[in-house]
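Student: Given next are the chains, with one letter for each unit.
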Amino acid sequence: MIRGPYVRPVGRYSWWLSQPRYIRYMLREVSAAFIGAYILMLIVGLLRLSQGPAAYESYLTAVLSSAGVAFGLITFVFAVYHSLTWFRVTPKAMPLRMRGKAVPPAIIVGAHWLGWAVASLLILLWVAV
Amino acid sequence: MRETIHQLEVLRYDPETDTAPHFQTYAVTCQEDWVVLDAINYVKENLDRTLSYRWSCHMAVCGSCGMVVNGEPVLSCHAFVRDYPEKIRVEPLANFPIERDLVVAIDDFVEKLTSVKPYIISAEERPVESGENLQSPEQLAVFKQYADCINCLLCYSACPQYALNDSFIGPAALALAHRYNLDSRDEGRSARADVVASNPGIWECSFVGACSEVCPKDVDPAAAIQQTKIASTVDYFMRFLMPWRKQ
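Here the protein sequences line up with chains D and B, keeping their order.
With my numbering applied, the first sequence corresponds to residues 324 to 452, in that order.
With my numbering applied, the second sequence corresponds to residues 83 to 329, in that order.
Read the hints as simulated data drawn from the structure, not as lab findings.
Predicted, not measured: the structure shown is a model, and the values here were computed from it.
Mixed in with the good hints there might be a few duds.
Listed next, the in silico SDA-like pairs over lysine to any residue satisfying Cα-Cα at most 20 Å (straight line) [claimed, not checked]:
| no. | chain 1 | residue 1 | chain 2 | residue 2 |
| --- | --- | --- | --- | --- |
| 1 | D | Lys415 | B | Trp285 |
| 2 | D | Lys424 | B | Pro219 |
| 3 | D | Lys415 | D | Ile431 |
| 4 | B | Lys311 | D | Phe410 |
| 5 | D | Lys424 | B | Ala223 |
| 6 | D | Lys424 | B | Glu220 |
| 7 | B | Lys126 | B | Gln113 |
| 8 | B | Lys126 | B | Val185 |
| 9 | D | Lys415 | B | Leu264 |
| 10 | B | Lys311 | B | Ser288 |
| 11 | D | Lys424 | B | Leu222 |
Chain B stretches covered by chain D per the calculated footprint, using a threshold of three residues with CB under 8 Å from any CB of chain D [to be verified]:
| no. | segment |
| --- | --- |
| 12 | 98–107 |
| 13 | 172–185 |
| 14 | 242–251 |
| 15 | 308–314 |
For each residue, glycine too, the CB sits at the ideal point set by N, CA and C.
If we strip away everything but chain D, and leave its shape as in the complex, we get (with noise of 0.2 Å):
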């Protein structure tokens, strides 16, 4: 018998395109991109804050323009999808066993997201008072 396995030719750039999950996934990773972007945003406002106020005000201008809101509107929708696909997996990443049995996955991200809950409420708390 003549042996010539036949390799198939795999997209370097193009094979995230062929399913669902993998489009998925990228989503998941690039809002990373997202999120890092934003908190730079964040840093260079602090920078024009210490500039004075008239840095600050065109600072905050540029974040309230019609560019600066939209940027932050998908900012926070891929945020929210950060989160979300982060808090489904920590099952797998953490399970919990105790008295010798394994933490339904439902408590774990339940209590991921009560965590969440937790601490948006202080921190606006904190922010109020």
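Since the structure of chain D is already known, use the hints to place chain B on it.
Tutor: Chain B only, in chain D's frame:
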């Protein structure tokens, strides 16, 4: 019993005559309770005896009949024809070289599986006189899920990381390494770490999670790999914090 006619598009490749694979279509009258493997067996027995493919148990245990059906890696004995449209496209598992028709060369996987030492390792040799190496049901439950792997390689077919990166150890082998690392009778974690905790091991995994989605046995290799990443990170920092601690 209800019968339906399906167009079975099968990827064919003969290393002796072909330079590249091509599709060949067979019209197959299928019974309602047929799985894709039954349709392929019908082709082999009645239409084309040259078709090559692997199968054995016909009950999702042996892991031989993995194929890509309409773009999704499945066990062909576990995929009912009635759940597919009229056209059913059958290809060999992706990410492996095609040996002939639906048969792929799995040498790379076997080599990688061997490299993670998928067996119980004891620090000292246990003489037969010492009796059974006992384990409680609770200790078994910790790793049972990862021991259900049947090496069908659907996870490798679904993994884009393995598709792009030849050196990646891959989902099933890493899940099996995790299975032995979690076993209360095993003391081989550090012996496996060279391969498992290396770059081509767990760190090449970017957690696409496709492996777990296609796994017919709910082994969840993606979970095994993420847990190994956490354990290996803890090991790394413990080496600095508590250098006297045994690995």
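Student: Now, for every hint given, state plainly whether the structure supports it.
Tutor: How the hints compare with the structure:
1. D/Lys415 with B/Trp285: Distance of about 16 Å is within 20 Å: holds.
2. D/Lys424 with B/Pro219: At roughly 11 Å apart (the allowed maximum being 20 Å), B/Pro219 and D/Lys424 satisfy the hint.
3. D/Lys415 with D/Ile431: holds, 10 Å
4. B/Lys311 with D/Phe410: holds, 17 Å
5. D/Lys424 with B/Ala223: holds, 8 Å
6. D/Lys424 with B/Glu220: holds, 8 Å
7. B/Lys126 with B/Gln113: Cα-Cα ~16 Å, so holds.
8. B/Lys126 with B/Val185: holds, 14 Å
9. D/Lys415 with B/Leu264: Since the Cα atoms of D/Lys415 and B/Leu264 sit roughly 15 Å apart, the hinted pair holds (cutoff 20 Å).
10. B/Lys311 with B/Ser288: holds, 11 Å
11. D/Lys424 with B/Leu222: The given pair, whose Cα atoms are some 11 Å apart, holds under the 20 Å limit.
12. 98–107: Holds, because 4 residues of the segment 98–107 of chain B bring their Cβ atoms closer than 8 Å to Cβ atoms of chain D.
13. 172–185: holds (count 5)
14. 242–251: Per the Cβ count (3), the hint holds.
15. 308–314: Our answer is that it holds, as 4 residues pass the Cβ test (under 8 Å) against chain D, meeting three.
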